[in-house]
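**Q** If you're matching them up, the sequences are chains A and B in order.
Numbering-wise, the first sequence is residues 1 to 221 according to our numbering.
Numbering-wise, the second sequence is residues 1001 to 1511 according to our numbering.
A hint or two may mislead.
To be verified - Which chain A residues face chain B? A few, computed with CB under 7 Å, are given here: (1) M1; (2) A57; (3) T85; (4) M150; (5) E202; (6) P207.
Unchecked claim - Cβ-Cβ distance ranges computed for the label pairs, FRET-style: (7) L16/A x R1249/B: 24 to 30 Å; (8) T198/A x G1143/B: 16 to 22 Å; (9) G1143/B x G184/A: 41 to 47 Å.
Hints were generated in silico from the structure; no laboratory data involved.
Heads up, the beta-carbon is just placed ideally off N, CA and C, and yes, glycines get one too.
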Amino acid sequence: MSLYCRFMLTAILCALALGYAVSRVAIGYPDPRRHYRRLGRGEVALISSAAEAMYPAGGPIPSSGLDADLPDYLERLMTASRLQTRILLHLLFFLVEHGTLLFPTPGRGGMRRFSAQDVEHRVAALDSWADSTLFIRRVVFTSLRAVLTMGYFAHPPVVRRLGLAPLAIEAPICEADLLYPRIGERPESIGKTAADLTPPSEGIPLPQDGPLHPGFTEAGP
Amino acid sequence: MSSVEPGEVRVFAQYDADLTLEADVVVVGSGPTGAVVAKELTDAGKSVVLVEEGPPFVPAEYEFDGGLSMARTMREGGLRTTSGTIMPTMQAVALGGGSLVNSAICNRAPAFVLDRWCSDFELERTTRADLDPHYEAVAKFLGIAVTPENVLGRRNLLFRDGCDALGYDSEPMLRNVRGCRGSGECFTGCRSRAKQSMDISYIPAALRGGARLLTSVRIERVLSEGWRATGVAGRVVKPFTGRPSHQVRIHAKLVVLAAGCTATPVLLQKSGNLANRSGQVGENLQFHPGVAIMGIFPDLVNPRFGATQGYQSRHFLREGFKLETLWAPPAITAVRLPGSGMALKNRLADIPYSAIWDGIATCDRSLGRVRVRRRSMDPILSWKLHSADVPTLAQALWVLAQIFFAAGARTIVPGVHGIAPELHSLEEAEVLRDRPIRATDLVLAGNHVFCTTRMHGDSRLGVVDEMGRCHDFENLYIADTGIFPQCPSVNPMWTGMALAHRSAQQIAQQI
Chain A
1 MSLYCRFMLT AILCALALGY AVSRVAIGYP DPRRHYRRLG RGEVALISSA AEAMYPAGGP
61 IPSSGLDADL PDYLERLMTA SRLQTRILLH LLFFLVEHGT LLFPTPGRGG MRRFSAQDVE
121 HRVAALDSWA DSTLFIRRVV FTSLRAVLTM GYFAHPPVVR RLGLAPLAIE APICEADLLY
181 PRIGERPESI GKTAADLTPP SEGIPLPQDG PLHPGFTEAG P
Chain B
1001 MSSVEPGEVR VFAQYDADLT LEADVVVVGS GPTGAVVAKE LTDAGKSVVL VEEGPPFVPA
1061 EYEFDGGLSM ARTMREGGLR TTSGTIMPTM QAVALGGGSL VNSAICNRAP AFVLDRWCSD
1121 FELERTTRAD LDPHYEAVAK FLGIAVTPEN VLGRRNLLFR DGCDALGYDS EPMLRNVRGC
1181 RGSGECFTGC RSRAKQSMDI SYIPAALRGG ARLLTSVRIE RVLSEGWRAT GVAGRVVKPF
1241 TGRPSHQVRI HAKLVVLAAG CTATPVLLQK SGNLANRSGQ VGENLQFHPG VAIMGIFPDL
1301 VNPRFGATQG YQSRHFLREG FKLETLWAPP AITAVRLPGS GMALKNRLAD IPYSAIWDGI
1361 ATCDRSLGRV RVRRRSMDPI LSWKLHSADV PTLAQALWVL AQIFFAAGAR TIVPGVHGIA
1421 PELHSLEEAE VLRDRPIRAT DLVLAGNHVF CTTRMHGDSR LGVVDEMGRC HDFENLYIAD
1481 TGIFPQCPSV NPMWTGMALA HRSAQQIAQQ I
């Protein structure tokens, strides 16, 4: 084969590989329901599809991962995180979404990207990460499950259903509350004086059936 | 606004120009040890500037959600891990440091540990008898007391019952808490203001004494001339993003570094490898790696209620581990549960019937190193769990399993790779005792960190002397847990504060 032919063949193969990579990473994702600043369309699809597989509807907790709107939670988490953390989270989503190339899900179409697989295949894919003999794959799975679980539990109906919602507590006003403003605000915003101090906690156990924190009641915040 | 008055707190929104201050002492880091030094020195009439990189958090800022809480209060968003043996480890970035988000456990280092420190590290004044007056002083100020039974909650009392049934010693935790209501929210901030974290205890006291507090300032360099420290320099940083702005410089007669065991070595190395003639800065990194088991009981446990960590057993300290109860935000707890899909949801429904107990191990043979990361003050942590220490952790798991079944658990979730995700009897749990376990099979966490600027009587083998003073610099002290020569085998906060209390007394006499 001449040098020219070899060059052309290599170029065609590279172009095909590039085309496949672009189509796999960027094409064919549905439009998300809202605009996300921190998440790409593919990441939204991955998070939703993983949430659906991890937390299906029904069972002892009626809310599903989709009900919990995990992309919204991840958007908030990433907004609250530094760049380094955000990069790690992007990498995590990429690994799970496209890890099927290296570790195909058993069955037909197992190399398709994670979010394009049906629910049964997605559960099987997650289980294969969880039970992998490769430590690093288990770390990836644990990381994904951690962020999804945190988002699932940030959904008030989930913790209410489990009886784990925080109770209402009226924080006593102590000396420190006269010293520190809320983050980002100036001391003038404190608006409290020594006259506002209240007695410290007397150590009375919280009533188990007491009212929930306003952010966790059925009426919402 | 270029001056800061005695007793004043400076927060991020107030910085509008570069800032230069002078003081007798500058203390870097407002965690338990730095706060003690600042308060004791102001009480001694010294002019003190306390510097903290994080912001103050008031109850309205506390997040119930574990992920968001960690993203806001922890360095690297709570995602910091060691390399070598991959293990998560956290460091708070908040006024009050780790005390804002720890569970307030107070243990004195056992006498046999301190005796070993003295004999192995050529220390003369660090026995239990030497430190007891300092432990007492801290306890008196913070109101360290036994956790009352009425706020222990069932998950703590089940641990007691299990230990009693097996004849293992156990006791309710001593904690720096006044008026606990059993909310179980220590890790995300105590809304009852019962936990005496530094931001509501030592730091207000220091401010009353005239200390000046700069929050949202990241110290990046220790200034020095010859063999004397002359102050510190850094930048104002925006909360949560860390974006730097105005420059801050504090000139002082004496510098105390209490930035934390992983941050202080970075600061020294970034300052021209300061105080490192011994070559020990950043070396000898040790943890108390921890493992945990979740147990499911037939009856409702209601784990939401009760002191976060209210009970412990020191029965196995000489064997190398300590056992304790644990609770965390529900999402963090749920992360332990295995499986996906409906199987996982069914397990989540067991959480109200569950308790989590953990073991922390003395792993003196497992060492690591803190190295500098380019263009960052975050450290690179390399650490490897020594194969000889793995059986200690495995034994801790086996003992925890025994306690669970003795307390009446119907199932345990050991969280060990290669072992069934659920074990339903003590006989089934014997696999934890009998099967060889590798480090990578374990889900580890290590939030007690030590030894990176260790004390040693021989200046060639340690960074500081037993009073915390750098061997190379007569006016540079280190007061965080980096100065521990070895891990203390129990929760380190009280010991760190006692050592800091002692250092402060010496500093007060020195300047």
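**Q** Does each hint fit the structure? Answer for all of them.
**A** Tested hints:
1. At a threshold of 7 Å, the smallest CB-CB gap from M1/A to chain B is about 46 Å, leaving the interface hint violated.
2. Here the hint on A57/A is broken, as its CB sits about 9 Å from the closest CB of chain B, past 7 Å.
3. For T85/A, the shortest C-beta to C-beta distance to chain B is roughly 4 Å, which falls under 7 Å, so the interface hint holds.
4. About 4 Å separates the beta-carbon of M150/A from the nearest beta-carbon of chain B, less than 7 Å, and the hint is met.
5. Checking E202/A against chain B by beta carbon gives a least distance of about 6 Å; that is within 7 Å, so the hint holds.
6. For P207/A, the suggested interface contact is broken, since its CB lies about 10 Å from the closest CB of chain B, more than 7 Å.
7. At about 59 Å, the CB distance of L16/A to R1249/B disagrees with the hint of 24 to 30 Å.
8. Distance hint check: the CB atoms of T198/A and G1143/B are about 18 Å apart, consistent with the given range 16 to 22 Å.
9. Take G1143/B and G184/A: their Cβ atoms lie about 32 Å apart, and the range 41 to 47 Å is violated.
Taken one by one, the earlier hints fail for this structure at numbers 1, 2, 6, 7, 9, listed in ascending order.
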